[in-house]
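> Position chain F relative to chain S; hints supplied.
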Amino acid sequence: MRAALAIAGVELRRFVKDKGNVFFTFIFPLLLVFVLGSQFGGSGNAGRVTLTGPSSDLRTAVAEQLESQEVSVSFADHDAMLEQVARGRTDVGLVVDQEAATSYDDGGTAQVEMIPGSATTSMAAQEQVRVAVTNLDLHQVQLTALEDAGIPGSEAAQALDDAAGQVAEPTLEVVNVDSLSQEFQGLGQFDLGASSQLLLFTFLTSLAGSSTLINARRQGVMARSLAAPVSTTQAVLGQALGRWVIAFFQGGYIMLATWLLFSVDWGNIGLSLLILAVFALVAAGAAMVLGSILDNEGAAVGAGVGLGLVLAAIGGGMAPLEIFSDTMRRVAHITPHAWGYDAFAEVQRRGGTLVDILPQLGVLAAMAAAALLLGAWLLRRSMARSL
Amino acid sequence: MRNLFTLLRTDLVQRLRDKSVIIFAVIVPLALMGAMNLVMGDAMDGDLETATVAVSAPADDQLAQTLVGVLPEIGLDVEITETDADDARARAEAGDAKLGLVIPEGFSSALMAGQPAEITAIRGDGAGIESTVVLSVIQGFLDRAAASAVATTAGANLGLAPAQLGGLAQQVATGESALTLATGEASNEQLDPKGALVAGQAGLFLMFTVSFGVLGLLAEREFGTLARLRSMPMNPQLVVVSKVLSSFVLGVVATAILLTVGGRLFDVDFGSPLPIGVLIVSAVIATTSLTFIVIKLAKTSEQASIIQTILAMVLGIAGGAFFPMSGGGVLGTILDLNPVAAMIRGLGITSGGGGLADILTPVLIMLGFAAVAMLIARVVPDRGAMA
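The listed protein sequences derive, respectively, from chains S and F.
Sequential numbering from 1 applies to the first sequence in the working numbering.
Sequential numbering from 1 applies to the second sequence in the working numbering.
Okay, chain S solo, but in the shape it has when bound (with noise of 0.2 Å):
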């Protein structure tokens, strides 16, 4: 076991020092985790609105009007305006111009153009300003409907101040049964691009690092391992560990740092680092068996990015998993990020015991075990193979 362990040092330092991994080991899965996080997590709203036109008592009443029905308001020029909505940017682009302002500010009626943008998406931002629009002027319409009942406008105006403290405003309660809502309630705004991410990068790391195996087999440095008093077994155990040692370092570094820098919440950090532990004995054995039936660098490299991009994109890595299809959701689990999507979930949002995540636990050992056993076979295999 000793000569194994040292094999596996070996890998893990040459790892490390490799300049090349600092990137795509350190930086690239947090950056992502940060962009994921700042684009799709946290609270939504109900839509973007681009409101063009000099600055107004029309233009700022629409605006507060929209915001208050938690509408993401901006302002542009009526050029800007116009390429944000053509280019998705905004859901909906808001003409106040002056004409509007002055006959809004007049008491006059007025006209505001609205542009909405062609994605379907934009059908909620244009029904928040229809609504904001038309009921802008409530109070005047009370107003107006009070002084045609023969009531002078300053009295009616009193009146109707003393009568909204008497009137309870009738409320919509919006109750989410929804599962997707629910599952995600209470997620943290970076929370689930961290667990996705990292599930893409370990298993990604250790396939495109199987490189290194073929350098080593390229070198004869497998070779002169088994000059040394080592026999195949540990020397095939001491590769598979330090492929192992790869993928838990890869991925311990991710939860560290999610942790620190955006306030990740792994739940239960034994149980996570039980996840990661064994996901990234199936990463190790599928490294293996990726650096033993490969003989080239540059291909092992290009069929790793590409198989770690294709698996996670289809077992919830790029998206989550509850958003697939039943059948796609089935098909996903073809895949060890399916499991490990599973498991970490249950761990982070619902606070799941070792029982609970151990049928995905189970498939991922069995997974394991497989990958192994067929690396190290086709790793014996190769050694005999000349490059």
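Hints are computed from structural coordinates only; laboratory data are not their basis.
Some hints here could point you the wrong way.
[To be verified] Far from chain F, by Cβ distances over 10 Å, these chain S residues were calculated:
1) ALA6
2) SER56
3) GLU67
4) HIS139
5) ALA164
6) SER231
7) PHE249
8) GLY306
9) VAL355
10) ARG381
[What the hints assert, rightly or not] Below, computed lysine-lysine pairings styled on DSSO-like, alpha-carbon distance capped at 27 Å:
11) LYS296(F) <-> LYS19(F)
12) LYS19(S) <-> LYS296(F)
13) LYS17(S) <-> LYS296(F)
14) LYS299(F) <-> LYS19(F)
15) LYS17(S) <-> LYS299(F)
16) LYS19(F) <-> LYS19(S)
17) LYS19(S) <-> LYS299(F)
[What the hints assert, rightly or not] The calculated label-pair distances, taken between Cβ atoms and stated as ranges, are:
18) GLU67(S) <-> ALA59(F): 45 to 51 Å
19) LEU48(F) <-> THR327(S): 22 to 28 Å
20) ARG2(S) <-> LEU16(F): 44 to 50 Å
21) HIS139(S) <-> THR50(F): 21 to 27 Å
22) GLN115(F) <-> GLU67(S): 26 to 32 Å
23) LEU354(S) <-> ASP60(F): 37 to 43 Å
24) ILE334(F) <-> ALA366(S): 45 to 51 Å
25) VAL331(S) <-> THR260(F): 47 to 53 Å
Just so it is clear, CB atoms sit at the ideal spot from N, CA and C, and this is done for glycine as well.
Just chain F now, with coordinates in the frame of chain S:
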């Protein structure tokens, strides 16, 4: 010229024999597009569905019935199923209705008497944008109903007769707002989600494809053939030019293949071939220009591969290769100056029917990017393959 042609032909043949070119330029991006389309196909399908609403509303309640009557007229397919409260809730929970709506007994009388009145909306599985639109309409209705109740209370406080109060309530509930909304139009420069996926992946992997020229140059040096080439009776710069040209040719061919095959697979129409061709060539010029910098910096093919991969991933993801990136102000401008983003933007314009004149901005961005990269390449001291 003949020398250059010979060098270029040799380079292209070598690159085509290299498995990693085919893997990175065509197979991985197509596999990734396929995987992402499979798992996110439903989420990327942007069509609005019918908003199925299960409503429990007292039959003899005027306001409740008015609200139910308003829903089918909101410019969205709305399918109303009138039922009891428990069933409305159950349908939403079971996913049979996108929205369950429970309007309590005595809703109108409570509201008009200024007493608390609450409508409960239950968002079911797959509630989507449709239910958000319906909820927005209901909120607008309630705002107006509340204004009507306030006016009626004010009228009552002022001693108006019951008959007048009825007219007052009606006038506020249905009164025309002084503000009207006109709907304008902006051009459409957006790709649908599937189009954005194909264009984004083509842009990302273009960055990898053009890197093979530099890698070829460094391989020449590592194999010792570069020195021999430089001893030939020809301008030594032709060696670099041939590598850059091979990158250019590979980039144009691979991107054309990805956009054509991707477009066919995912049923995306990118528009007229001529402007698309101009966009591809501009994007390839922009990304290939980066290789001049990499040639100056990288001493080994491993270093070149790492620098190019960092550039590809950073520019690709920031450009919207996996998901659209949005940002305002300076951030938005920086995101716009990215060649991958400019190519996706250009393809958005062509897919909306834009021609050569319309894609001027993205083309200028890409050519400007190339000019700046070439300038930087001239200033950066040569530490790389040709040093």
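> Hint by hint, say whether it matches the structure.
Verification of the hints:
| no. | hint | in the structure |
| --- | --- | --- |
| 1 | ALA6 | holds (26 Å) |
| 2 | SER56 | holds (13 Å) |
| 3 | GLU67 | holds (15 Å) |
| 4 | HIS139 | violated (8 Å) |
| 5 | ALA164 | violated (5 Å) |
| 6 | SER231 | holds (32 Å) |
| 7 | PHE249 | holds (19 Å) |
| 8 | GLY306 | violated (4 Å) |
| 9 | VAL355 | holds (28 Å) |
| 10 | ARG381 | holds (21 Å) |
| 11 | LYS296(F) <-> LYS19(F) | holds (26 Å) |
| 12 | LYS19(S) <-> LYS296(F) | holds (18 Å) |
| 13 | LYS17(S) <-> LYS296(F) | holds (24 Å) |
| 14 | LYS299(F) <-> LYS19(F) | holds (23 Å) |
| 15 | LYS17(S) <-> LYS299(F) | holds (18 Å) |
| 16 | LYS19(F) <-> LYS19(S) | holds (25 Å) |
| 17 | LYS19(S) <-> LYS299(F) | holds (13 Å) |
| 18 | GLU67(S) <-> ALA59(F): 45 to 51 Å | violated (38 Å) |
| 19 | LEU48(F) <-> THR327(S): 22 to 28 Å | holds (23 Å) |
| 20 | ARG2(S) <-> LEU16(F): 44 to 50 Å | holds (48 Å) |
| 21 | HIS139(S) <-> THR50(F): 21 to 27 Å | violated (36 Å) |
| 22 | GLN115(F) <-> GLU67(S): 26 to 32 Å | holds (29 Å) |
| 23 | LEU354(S) <-> ASP60(F): 37 to 43 Å | violated (57 Å) |
| 24 | ILE334(F) <-> ALA366(S): 45 to 51 Å | holds (47 Å) |
| 25 | VAL331(S) <-> THR260(F): 47 to 53 Å | violated (27 Å) |
Taken one by one, the earlier hints fail for this structure at numbers 4, 5, 8, 18, 21, 23 and 25, listed in ascending order.
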